[in-house]
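**Q** Residue numbers (the numbering used here): 11 to 92.
Since the hints were made in silico from the structure, they are not lab data. Where a beta carbon is used, it is the ideal one built from N, C-alpha and C, also for glycine. Just to be clear, a hint being listed does not mean it is correct.
Unchecked claim - What follows is a list of derived Cβ distance ranges for each label pair:
| no. | residue 1 | residue 2 | range |
| --- | --- | --- | --- |
| 1 | 46 | 82 | 11 to 21 angstroms |
| 2 | 30 | 51 | 18 to 28 angstroms |
| 3 | 20 | 79 | 20 to 30 angstroms |
| 4 | 13 | 69 | 30 to 40 angstroms |
| 5 | 82 | 32 | 30 to 40 angstroms |
| 6 | 67 | 14 | 28 to 38 angstroms |
| 7 | 41 | 16 | 33 to 43 angstroms |
| 8 | 49 | 82 | 31 to 41 angstroms |
| 9 | 12 | 68 | 30 to 40 angstroms |
| 10 | 60 | 31 | 14 to 24 angstroms |
| 11 | 65 | 20 | 25 to 35 angstroms |
| 12 | 12 | 69 | 15 to 25 angstroms |
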Amino acid sequence: MTHVLISVARTVQTLEIVAAAGAIRLSELSTALGTSRPGAFRIAQSLVALHWLSQGSDRRYRIGPGVRALGPERRAPTPPSP
Numbered sequence: 011m012t013h014v015l016i017s018v019a020r021t022v023q024t025l026e027i028v029a030a031a032g033a034i035r036l037s038e039l040s041t042a043l044g045t046s047r048p049g050a051f052r053i054a055q056s057l058v059a060l061h062w063l064s065q066g067s068d069r070r071y072r073i074g075p076g077v078r079a080l081g082p083e084r085r086a087p088t089p090p091s092p
């Protein structure tokens, strides 16, 4: 059985929710995550600090440049398996 840290799962879930929404308010994010607004705020602000999310002047969260930097055009070639 694979063990998943709840904090990592919640972070990935947050990114998936924001990516699907395009832009999302904190109240919508907390509802989608099934967590409190303060909990959703802490996750979102941590991701903003890491540039994985950005927050516009409309206070909505969007996918940030850190996630976009992981895109296929920026990925290094995968070395062949031995």
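**Q** It remains to establish, for every hint, whether it holds in the given structure.
**A** Checked hints:
The given range of 11 to 21 angstroms is broken by residue 46 and residue 82, whose C-beta atoms sit roughly 36 angstroms from each other. Look at residue 30 against residue 51: about 20 angstroms separates their beta carbons, and that is inside 18 to 28 angstroms. Between residue 20 and residue 79 the beta carbons are some 22 angstroms apart, a value that agrees with the proposed interval 20 to 30 angstroms. Range check, residue 13 to residue 69: Cβ separation about 36 angstroms, and the 30 to 40 angstroms hint holds.
For the pair residue 82 and residue 32, the supplied restraint of 30 to 40 angstroms is violated, since their beta-carbon distance comes to about 20 angstroms. For the pair residue 67 and residue 14, the beta carbons lie near 35 angstroms from each other, so the given range of 28 to 38 angstroms is met. At about 19 angstroms, the beta-carbon gap between residue 41 and residue 16 misses the expected band of 33 to 43 angstroms. For residue 49 paired with residue 82, a C-beta distance near 32 angstroms keeps the hint of 31 to 41 angstroms intact.
Here the CB-CB span from residue 12 to residue 68 is close to 38 angstroms, well matched to the stated 30 to 40 angstroms. Checked against the hint of 14 to 24 angstroms, the pair residue 60 and residue 31 passes, with Cβ atoms roughly 19 angstroms apart. About 18 angstroms separates the C-beta atoms of residue 65 and residue 20, a value inconsistent with the hinted range of 25 to 35 angstroms. Residue 12 and residue 69 have their C-beta atoms about 36 angstroms apart, which leaves the hinted 15 to 25 angstroms range violated.
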